Each structure stands twice: as C-alpha cells, then as structure tokens.
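> Here is what each chain is made of, one letter per residue.
Number of protein chains: 2
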Amino acid sequence: MDLKKYLEKKRIQVEEGLDSFMLKEEGLLAEHIKSMRYSLFAGGKRIRPVLCIATSEALHVDPSSYLGLAVGLECIHTYSLIHDDLPAMDNDDLRRGMPTNHKIFGEAEAILAGDGLLTYAFDLFSSPRITGSLSPDERLRIIHIIAGAVGSLGMVGGQALDIESEGKAISFETLQYIHSCKTGALITASVQTGAVIGKADDAQFASLTDYGKQIGLAFQIVDDLLNIEGTTEQLGKAVGSDAELDKATYPAFFGVEKTRAMAKEAVNAAIDCLKDFDEQAQPLRDLAEYIYYRKR
Amino acid sequence: MDLKKYLEKKRIQVEEGLDSFMLKEEGLLAEHIKSMRYSLFAGGKRIRPVLCIATSEALHVDPSSYLGLAVGLECIHTYSLIHDDLPAMDNDDLRRGMPTNHKIFGEAEAILAGDGLLTYAFDLFSSPRITGSLSPDERLRIIHIIAGAVGSLGMVGGQALDIESEGKAISFETLQYIHSCKTGALITASVQTGAVIGKADDAQFASLTDYGKQIGLAFQIVDDLLNIEGTTEQLGKAVGSDAELDKATYPAFFGVEKTRAMAKEAVNAAIDCLKDFDEQAQPLRDLAEYIYYRKR
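Line by line, the protein sequences give chains B and Z. My numbering puts the first residue of the first sequence at 89, with every later residue one more than the last. My numbering puts the first residue of the second sequence at 89, with every later residue one more than the last.
Check before you lean on any hint, since a few could be wrong.
Remember, identical chains collapse to one label, so a pair may be satisfied in a single copy or spanning two.
[As the list claims (entries may be wrong)] For lysine-lysine, the following DSSO-like pairs were computed, each having C-alpha atoms within a straight-line distance of at most 30 Å:
no. : residue 1 : residue 2
1   : Lys256    : Lys122
2   : Lys301    : Lys122
3   : Lys256    : Lys97
4   : Lys256    : Lys191
5   : Lys383    : Lys112
6   : Lys112    : Lys301
Just so you know, these hints were derived from the structure itself, not from any lab. Small disclaimer: the values here were computed from a predicted structure and weren't measured.
Given the sequences, and given the hints that come with them, work out the whole structure.
Structure representation (structure tokens):
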C-alpha cells in the first residue's frame with residue numbers, strides 16, 4: 089500500500105471533520121473561536137485521529153460515523169500544544185513554522201483557547217450528533233479512556249513533571265515516565281478509541297494497546313532526535329529549545345546512535361503486536377515505520 | 089428547616105467526597121497533586137455540588153451513590169478559579185483570603201493544576217467507580233450537559249468575552265451574556281445534573297433549569313455588589329479589583345440600589361420555578377434566598 093496517499097486521504101477527511109464539527113467564527117465569541125481555529129488549522133499530520141481511524145479499519149469497522157471522536161482527539165492534542173507553548177511553560181514562539189497561539193492572540197486567550205478545545209472534545213465525545221452503532225456503555229468507556237490518558241495521571245501529569253524536572257538531574261526511569269505520559273498516553277488512547285469503535289475483543293484490545301505504547305515511545309524518542317538533529321525549517325520550532333531548557337532527553341542519556349536503535353526497536357515491537365491482524369492492519373504497520381523515518 | 093445546618097452537613101459530605109475521589113499526594117506527581125488539592129481545599133461553600141445534591145433530593149432521589157458527580161462539578165469550579173486568577177487573566181493574588189494557586193506553585197503548575205482538575209472531572213463523570221442506577225445514556229447526558237455549560241459556548245467563552253471587554257464600553261446585553269456564561273452556566277448545569285440523577289420528567293427538568301438560570305443570575309449580580317460593597321476580609325480578594333480592570337458590572341449600569349432589587353427579583357423568580365415541588369425542595373428555595381443574603 090501507499091502510506092503517503094493513505095495519510096493524505098485521511099488527513100483531508102479529518103480536516104473536513106474538524107471544520108464541520110468545530111464552532112464557527114461568528115457572533116460575540118468570534119475572536120475566541122478564531123483563536124481555537126487558528127491552532128487547529130495550523131497544519132500537523134493529524135496522527136492521533138488517523139491512528140484512531142486506522143485502528144478501527146484494522147478491525148474491519150468503517151469509522152466514518154465516528155469522525156467526531158477522531159476530531160475530539162485532535163482538539164485535545166491542539167490544546168496541549170497551545171498550553172505547552174505558553175511563556176510560563178516552554179515559552180515557544182513558533183510551532184510548525186507559525187507563530188504560537190499566544191503570540192497572535194495573547195496569553196489570556198491562549199489559555200482559554202486551550203481550555204475551550206479540551207472541553208469541546210468532551211462535548212463531542214458525549215454528543216448526540218455522534219450516531220452509529222456504539223452503545224452508550226462503549227461511548228462512556230471511550231470517554232473514560234481518554235480522560236484518564238490526558239489528565240493528571242497521563243498527559244497533564246507528564247507535562248507537570250517535565251516542567252518540574254527542568255535543570256535537575258533525573259533518572260532514566262523518570263524520563264521514561266515523562267515520555268510515556270506526555271506523548272505516549274494520548275497516542276495510546278487514540279489507538280484504544282479506534283479499538284472500541286472496532287469492537288475489539290479483549291486480546292485484540294491488549295495487543296492494540298501495546299502497539300500504541302510502542303509507537304508512542306518511538307514517537308517521543310524520534311522527537312528528541314529531531315530536536316537535536318533537525319533544522320528549524322524541518323521542525324517548525326527553534327532547534328535545541330529543549331536542550332536550552334536543560335531537559336533530559338534520550339540522546340542526553342544514550343547518545344544519538346543508541347537512541348536511534350532504541351527507536352527502531354520500539355517500531356519493530358509495535359509491528360510485532362499486530363502479528364495476529366490481517367492486511368487491513370497494514371496502515372498501522374506502515375504508520376509505525378513512518379514515525380521512525382519522519383523528518384519533522 | 090435550618091439551611092445553615094443543611095449546608096454545613098452537605099459541605100462536609102462534599103469535602104469527604106473530594107478527599108476520597110481526588111488523587112493522593114504521592115509518588116512522582118506529588119507536587120502537581122498538592123497544587124490541585126491546595127485549591128480544592130482552600131475553602132468555599134461548595135454551592136455547585138450542594139445544588140446538585142439538593143436538586144436530586146427535591147426529586148426524592150438519594151444522591152449518595154453519585155457523590156463523584158457532585159465532586160466533579162467542584163473540580164471544574166476550582167479549575168475555573170485557578171485559571172481566572174492567573175497573571176495573564178484577572179491577576180489576583182488572593183482568593184478566599186489565601187494566596188492564589190500561582191502565587192504558591194508558580195504559573196506553569198497553576199495552568200496544569202487547572203487542566204488536571206478539568207480533565208479529572210470528566211474522568212469522574214465517566215468512571216465505573218460511580219455506580220448506582222443511572223443508565224449509561226443518563227451518564228452521557230450529564231457529561232454532555234456539563235461539557236456544553238463549561239466550554240466555549242459557556243463558562244470558557246464567557247471568560248474570554250469578559251477579558252476581551254476590559255476597558256471597552258459594552259452593551260447591557262453583552263454583560264448579561266458574559267454573566268450567564270461565566271457564572272450561570274455551571275450553576276445551571278449543577279442543578280441539571282441533579283435533575284438527571286433525580287430522574288426529572290421533561291416539565292420538572294425545564295422548571296429546574298429555569299431555577300438554575302435565575303439563581304445563577306442572582307449569584308453574579310450579588311458578586312458584583314459584594315465586589316464594590318464588601319471588605320477584603322469578607323470577600324477574600326482585593327475589593328474593587330474588577331472595577332480597577334474597568335470591567336462592566338451591574339452596579340456600573342444601574343447603580344447599587346436598582347442592582348440589589350434586580351438580584352431580589354431573580355431570587356423570587358427562582359423560587360417561583362419550584363411551585364410544583366413539595367417540601368423536599370425547601371433547601372433549593374432557601375438556597376436561592378441564601379445567595380441573595382450571602383456576605384461573601
């Protein structure tokens with residue numbers, strides 16, 4: 089299969105979904121909605137919603153009725169980027185080559201745009217606009233999976249620990265914990281959401297969860313590598329910005345070569361998790377490779 | 089009935105629930121959880137969870153199995169206070185007589201404490217730890233009510249518009265919109281959550297929704313009054329801080345006397361919404377009066 093074409097097709101589908109599900113820039117709230125839309129449509133590969141869609145397809149279920157759930161995952165991802173970029177956090181001026189939300193709309197609006205996007209995701213997850221054959225129990229299960237993954241024991245906690253660890257010597261175990269929470273948790277939850285949509289049985293759900301964890305790990309390791317190897321143009325943010333903040337990274341612990349090998353190992357482990365799936369899971373396998381070879 | 093005793097009993101019940109449902113201060117995330125707990129336990133009347141509980145009791149349903157839902161409402165309220173107090177927003181150093189979250193834990197942690205509390209609410213709302221006889225459909229309905237009330241078309245949007253309106257001449261209609269979103273929406277949603285728990289029929293749900301809107305309005309009008317009339321000690325924050333920021337308020341539009349009359353009118357309208365309810369709704373009626381007479 090041609091992953092590039094697949095990704096492009098799904099990206100367009102997700103962006104159409106984002107546009108149709110997201111609030112319109114009108115009325116008294118036009119500026120607030122403009123700010124959310126600015127960051128939602130500032131590019132990006134839409135990896136999380138695509139993972140959700142590809143996972144349900146791997147289980148031979150057409151996810152088109154559930155586009156709103158995939159869109160919600162992207163809303164959460166975008167909120168996390170807006171808040172991470174804030175002056176009080178990572179203080180980044182550029183994201184994907186464009187000024188960050190607070191550079192355009194100011195800090196107050198950036199905080200609120202993030203809050204609005206996070207909340208809107210849960211609005212979508214629970215919305216009667218999402219129809220299809222998922223039972224209310226399955227819908228609740230999805231909400232609980234995602235809320236757990238992106239909250240204090242997941243993404244938010246990972247970011248808190250990352251901020252607290254700046255300039256401190258931390259153990260490799262702490263670094264792993266930060267990585268798995270900050271990046272891995274939402275990626276895994278995206279796969280799990282697709283697994284619930286696809287009516288995965290327990291064994292399938294467990295395999296897909298492991299797949300999600302391994303690609304989440306690979307994703308963060310490659311991010312660390314790109315941050316020291318990449319150019320500003322490729323990465324869309326100032327290179328070395330993490331190093332400047334004295335952040336612990338995989339290359340800092342293991343050097344570039346070993347780090348690259350560890351990323352490849354995680355990709356192989358991810359693909360191995362899919363050994364009992366048929367050719368419908370090929371996009372998931374190719375996505376794991378893609379995460380390894382991506383340039384930004 | 090003795091409302092003071094009722095409120096005290098319910099407040100203790102809610103605080104026990106907060107303590108048991110909230111994450112414990114331990115492990116790698118101890119500091120992050122400490123920050124959330126600091127603001128969760130910084131006092132407060134717990135009006136929103138108490139409204140939820142009192143509403144289901146008004147419908148003759150014991151809400152004790154649903155304490156986690158009431159707790160989630162307070163998590164959302166606390167998140168909104170933490171973010172509103174941030175330097176980029178209202179820049180308040182004091183809240184309920186104590187230093188605001190960011191004064192103790194720093195801005196980054198305060199943003200994340202808010203994010204964590206908001207997300208944790210949805211974790212609770214969807215949690216299998218909440219048992220009882222609510223159907224998954226009713227659970228989803230509650231999540232959708234709350235997400236709608238506190239998102240961009242509700243609380244977050246109200247705050248965004250309030251910040252945008254600073255120092256600008258705004259119409260009374262815009263002020264009303266800001267009030268109903270910023271304060272009214274979560275209060276109304278708290279009542280509606282209790283109404284779903286209490287298996288309200290459509291007519292009861294509509295009456296209780298109107299009750300919620302009227303007390304929400306009264307609450308915000310009284311807040312405006314307290315902010316110009318109160319002392320720092322009573323209010324626990326710097327008096328006149330809204331006026332300093334050139335914010336539109338009811339007294340600025342109508343003067344103190346007419347504003348007070350408007351608050352009383354809203355309270356009477358709220359009580360009138362309960363005319364078809366029996367003596368089990370007395371706490372709701374008394375709560376409406378309490379909102380009018382409260383000193384902070």
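> Decide, hint by hint, whether the structure agrees.
Now the hints, each set against the structure:
1. Lys256 / Lys122: between (38 Å within a copy, 20 Å between copies)
2. Lys301 / Lys122: The answer is between: 28 Å across copies meets 30 Å, while 34 Å in one copy does not.
3. Lys256 / Lys97: Cα proximity of Lys256 and Lys97: none, with 43 Å in one copy and 46 Å across.
4. Lys256 / Lys191: both (29 Å within a copy, 22 Å between copies)
5. Lys383 / Lys112: Cα proximity of Lys383 and Lys112: none, with 33 Å in one copy and 40 Å across.
6. Lys112 / Lys301: between (35 Å within a copy, 25 Å between copies)
Against the hints set out earlier in the document, violations occur for numbers 3, 5.
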